[in-house]
Amino acid sequence: KQEVTQIPAALSVPEGENLVLNCSFTDSAIYNLQWFRQDPGKGLTSLLLIQSSQREQTSGRLNASLDKSSGRSTLYIAASQPGDSATYLCAVRSGRDMRFGAGTRLTVKP
Amino acid sequence: DTEVTQTPKHLVMGMTNKKSLKCEQHMGHRAMYWYKQKAKKPPELMFVYSYEKLSINESVPSRFSPECPNSSLLNLHLHALQPEDSALYLCASSQGNEAFFGQGTRLTVV
Numbered sequence: 204k205q206e207v208t209q210i211p212a213a214l215s216v217p218e219g220e221n222l223v224l225n226c227s228f229t230d231s232a233i234y235n236l237q238w239f240r241q242d243p244g245k246g247l248t249s250l251l252l253i254q255s256s257q258r259e260q261t262s263g264r265l266n267a268s269l270d271k272s273s274g275r276s277t278l279y280i281a282a283s284q285p286g287d288s289a290t291y292l293c294a295v296r297s298g299r300d301m302r303f304g305a306g307t308r309l310t311v312k313p
Numbered sequence: 003d004t005e006v007t008q009t010p011k012h013l014v015m016g017m018t019n020k021k022s023l024k025c026e027q028h029m030g031h032r033a034m035y036w037y038k039q040k041a042k043k044p045p046e047l048m049f050v051y052s053y054e055k056l057s058i059n060e061s062v063p064s065r066f067s068p069e070c071p072n073s074s075l076l077n078l079h080l081h082a083l084q085p086e087d088s089a090l091y092l093c094a095s096s097q098g099n100e101a102f103f104g105q106g107t108r109l110t111v112v
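Order-wise, the sequence lines are chains E and G.
Under the numbering used here, the residue at position 29 of the first sequence is numbered 232, and the numbers go up by one with no gaps.
Under the numbering used here, the residue at position 27 of the second sequence is numbered 29, and the numbers go up by one with no gaps.
Just so you know, not all the hints are guaranteed correct.
Straight line, CA to CA, 30 Å or less: simulated BS3-like cross-link-like pairs of lysine-lysine [said to hold, decoys possible]: (1) Lys43/G x Lys245/E; (2) Lys40/G x Lys245/E; (3) Lys312/E x Lys271/E.
Stretch by stretch, here's where chain G covers chain E in the computed footprint (C-beta under 8 Å, at least three residues) [as the list claims (entries may be wrong)]: (4) 240 to 246; (5) 249 to 256; (6) 289 to 302.
Hints in this document: simulated from the structure, not taken from any laboratory.
Each residue gets a CB set at the ideal place from its N, CA and C atoms; glycine is no exception.
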């Protein structure tokens, strides 16, 4: 069974900093990996999707990388803003199964 | 339209009640999911439907009963729940690639 781990569990940074969130998974036979954002008490908003054959995806200030062989993905956020404060979750898809990490709770201070 | 709609947004029910959660999508996705999320925890997979057939049941107690009446609709029937079943229930859909989530139903069992 796929196990997904996210480090750090929580992160607090001043506005403007660049930061990296980490996601690791135990079974490299994945279909894709997706990064989500979740605001308190709300649903999940898709940020980036990386197919298993891809190495990187970018959207605005976000960049996600995937190293399938080592079971790792990173989410890079450039020039962080207070509006980026949320919990960031990575989800790994293997067939019809999609498993989540515990998330990184990000706080960006003005 | 990349929307997954869940109703109701909030539900309070007694332990002897019977209620249903509803999820709808019109993206033509053939896989639909139910997740349960407790506070400050990641979403936990409950059920997966593929082409309107139940393909994954993560050993969920029988007081939760899923139903997929057609390709756009997914229900979760609730009966004789316990207070520990109080959580955010999330629905998602996908068609091979990106998964889209609804805003969830906040369920409180009293």
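For each hint, the structure was consulted:
With a C-alpha separation of about 13 Å, the suggested pairing of lysine 43/G with lysine 245/E holds against the 30 Å cut-off. Taken as a hint, the lysine 40/G and lysine 245/E pair is honoured in the structure, with Cα atoms around 12 Å apart against an allowance of 30 Å. Proximity of lysine 312/E to lysine 271/E is assessed by CA-CA distance (about 33 Å); at most 30 Å being required, the pair is judged violated. Evaluation of the coverage hint for the segment 240 to 246 of chain E: fulfilled, as 3 residues show C-beta separations to chain G shorter than 8 Å, against a requirement of three.
Judged by the Cβ-Cβ criterion of 8 Å, the segment 249 to 256 of chain E is covered by chain G as claimed, because 3 of its residues qualify and three suffice. For the segment 289 to 302 of chain E, the stated coverage by chain G holds: 7 residues have a C-beta nearer than 8 Å to a C-beta of that chain, and at least 3 were required.
The structure fails to meet hint 3 from the earlier list, while all remaining hints are met.
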